[in-house]
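Asks: Chains Z and L, in that order, are what the protein sequence lines are. Take the first sequence: its position 49, counting from 1, is numbered 49 in the working numbering, and each next residue is one higher. Take the second sequence: its position 65, counting from 1, is numbered 65 in the working numbering, and each next residue is one higher.
Any given hint could be a false lead.
To be verified - Here are the simulated lysine-lysine pairs, DSBU-like style, with alpha carbons at most 30 Å apart:
#	chain 1	residue 1	chain 2	residue 2
1	L	Lys-573	L	Lys-517
2	L	Lys-23	Z	Lys-52
3	L	Lys-23	L	Lys-485
4	L	Lys-23	L	Lys-521
5	L	Lys-23	Z	Lys-106
6	Z	Lys-52	L	Lys-520
7	L	Lys-446	L	Lys-520
8	Z	Lys-61	Z	Lys-86
9	Z	Lys-44	Z	Lys-61
10	L	Lys-485	Z	Lys-52
11	L	Lys-521	L	Lys-573
12	L	Lys-573	Z	Lys-44
13	L	Lys-517	Z	Lys-52
14	L	Lys-517	L	Lys-23
15	L	Lys-485	L	Lys-573
None of these hints come from the bench; they were simulated from the model.
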Amino acid sequence: MSWWLPLQGSTFAPQIDGLFLAILIITGVAFVIVETGLIWFVFKYRGRPGRKGHYTHGNAKAEVVWTAIPAVTVVALGLVSNHYWKEIKGRDSIPADAYPIGIHAKQFEWQVTYPGPDGQLGTADDFTVRNQLHVPVGRNIVVVLTSEDVIHSFWVPVLRLKQDAVPGLTIRAWFQATVPGQYELGCAELCGMGHYRMRARVFVHTAAEYDAWAHQQAQGGAS
Amino acid sequence: MSGIAAAAPAVHAHHDDRSFIRKYIFSTDHKIIGIQFLFVSLFFLFLGGLLAMQIRWQLGYPGRPMPGGGILPETMAPGGVILPEYYIQLVTMHGTFMVFFAIMPLLVGVFANYLIPLKIGAHDMAFPRINMWSFWSAFAGGLVMFASLFVPEGAARAGWTMYAPLSARHDLSGAGVGQELWSISIVLLGLSSILGSLNYITTIINNRTPGMTWFRLPLSVWALFITAILGLLALPVLSGAAIMLLFEQILGTHFFDPAAGGQVLLWQHLFWFFGHPEVYILILPGMGMVSDIVANGSRKPIFGYHSMVFALVGIGFLGWIVWGHHMFMSGMNPTLGSTFMVTTMVIAVPSAIKVFNWMGTMWRGNLRFHVPMLNAIGFVAMFVIGGLSGVFMAATPVDMPIHDTYFIVAHIHYVLFGGSLFALFGAITFWYPNMFGRMMNERWGKIHFWLTLLFFNLTFFPMHILGMGGHMRRIYDPTQYDFLKPYQPMNTFITLSAFALFASQLIFALNFLLSLKWGKKAPLNPWEDNGLEWTLATPPPHGNWDRPPTVYRGPYEYSAPQVAEDYLPQSRKLPTDREPAAAPVAGH
């Protein structure tokens, strides 16, 4: 069991994890200040008979300080986050050379459509594999997400990529896998009683391995 | 002597000749209505907890027969083994009961009703009969929701957020009439909240006693005022959405059906446009009551009263423009995601202001650790964790891996249990003597607090780790996934902690029930508080005051130098005090 985040399997995974760590440090400092402050006050100012509290209604300077510091911090966090957000999920962030893979979600399976030798989706040489996502390492991939019935959510922890598949919408999301291996894809949005088993295997291949696999599948699919 | 003695002759002067039914069942007395809400919502709190225990059994011991599960019908748990279709009913109804029928009515139904007139010196609500209907409408809603557990195919199955089209199409969810009953129940509950909110707003504006100016209102009343505005504006949206969903279910409309020109995301926009203000409806009253209790327990004026009020108003305003952060992964335009991220980040600021002001209030105080104070400090300590974990999911890129995982489950429970429920344990204990004339047991109250604090953290803190590992929400059997198998010991640990947490709550339940009869008789003003409610007999009579009290100062004059005691009630007249102008509206 890991006490930290899963393996970083995509180009933007280190950025997201870095931001996670930065927020953990910032919130960790706030957490320690508040909790130790509370515990310290509980001991230091515990009531003694015959004593009164310090009669004050507040302090304007203190209010300004503890309004300004969180405000500046969160706005800065927002700006930094937005930079990465646009790079990862922005509508114009999808690389032009990205290799398209169609993913059609339905209760309770993932139908993955590959573009075949011509590299284009929606042509005759496409082929579809159930519950298996094969991708080449080190290449930009764009998944074109659609749904048959209800909302599902495409979720591959090692890629740090999550995107809902919504009936009536065609949603594109890109990634580049960086570590060859076998991983899992799960559904992250409650989609019915089989939600828990709406699972697929993810295979990140070397380029040569992928080509061989795709070639073999295209042969099988074309026959 | 003090103002208490001066007010004493007013006590018991009221002759009450109402019949039992008018007095206790179809009552128009705001205090009785508050207490009616209290008993009904505590029942739903217990029921929601029971459902949670079944969820935890399945997650800790997937596929193993649940002890006592044999009493459930074959369609839910044959031989005590929970079925997937029953599991999704469990998560749906746990969320539904807790949010709509436990926490929200406990905070608003109970305390807005009970406290507002008493704290502002009014005889009752502005519209007592509407108030009665507000309770009975909520009661009917609760009854319908409760009944939905027992219909064929069982209760609703689409999660408490009821995302369409799963919630709209029985062929996709496998649900039956329970799904429609959910919608009907929510419409009834919405009606109740709208009626209640109207009443709270009107009462606070019009029925304040002479001298009770806006900036002498206790922060609990301020918080309930802002909450009521949120309720009045948000609940109609939920009710409208629930009616659309009901039409979709029974009339075959296509609001959410893209095949016929509908929009799936419409439901989410409507739901969260209600749902995010709702989150603040579920925390603001707690913040307000905790402010009252922290000042009382610290024997100090609240630090930065005006900042506290402006922070409440700020949260109330910003709460309307953050709903899209629930939809970062929904396919909504990512540029909108940027906008909602900024507003969401900004809403952290008023929350931070409140936390620092509570700490400022405790600073150089003379702290009394009575049970309400312990729970109020627990609230601050736990709310901070829930608030800070919110920053992670507000940052859109970080939300990508943690969205719809146990990280969110941890966050919502730190806010709703660590926040709202600790506030409620404090508030119920604090105002119990006012409601029932008896004290809850102090020692058992402390044991309950410490056990709850311990097991709450053991239950919910590890969920952050599960969420970081990618553990999805609402999955029936995590061991289906290879990457989640190593987390199974942690799931079992959480389950055992949750059982201990539930068992600890039985202490509170027993303390609450047994003290009704055997609790120590409450003295007048047992907490030496400044609020107007403590100048009355406990419990206060119908109509509260013979003559409206006069207010001379703010609610937090603790340890004031003018008097020897460390508290100075709002209605106690000192020789230097002048008579205030007449009441804002002669509504008495």
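Asks: Each hint needs a verdict: does it hold in this structure or not?
Replies: Structure-based check of all given hints:
no. : hint                     : verdict
1   : L:Lys-573 with L:Lys-517 : violated (36 Å)
2   : L:Lys-23 with Z:Lys-52   : violated (43 Å)
3   : L:Lys-23 with L:Lys-485  : violated (57 Å)
4   : L:Lys-23 with L:Lys-521  : holds (23 Å)
5   : L:Lys-23 with Z:Lys-106  : violated (56 Å)
6   : Z:Lys-52 with L:Lys-520  : holds (27 Å)
7   : L:Lys-446 with L:Lys-520 : holds (16 Å)
8   : Z:Lys-61 with Z:Lys-86   : violated (38 Å)
9   : Z:Lys-44 with Z:Lys-61   : holds (23 Å)
10  : L:Lys-485 with Z:Lys-52  : violated (56 Å)
11  : L:Lys-521 with L:Lys-573 : holds (28 Å)
12  : L:Lys-573 with Z:Lys-44  : violated (34 Å)
13  : L:Lys-517 with Z:Lys-52  : violated (35 Å)
14  : L:Lys-517 with L:Lys-23  : holds (20 Å)
15  : L:Lys-485 with L:Lys-573 : violated (68 Å)
The structure fails to meet hints 1, 2, 3, 5, 8, 10, 12, 13, 15 from the earlier list, while all remaining hints are met.
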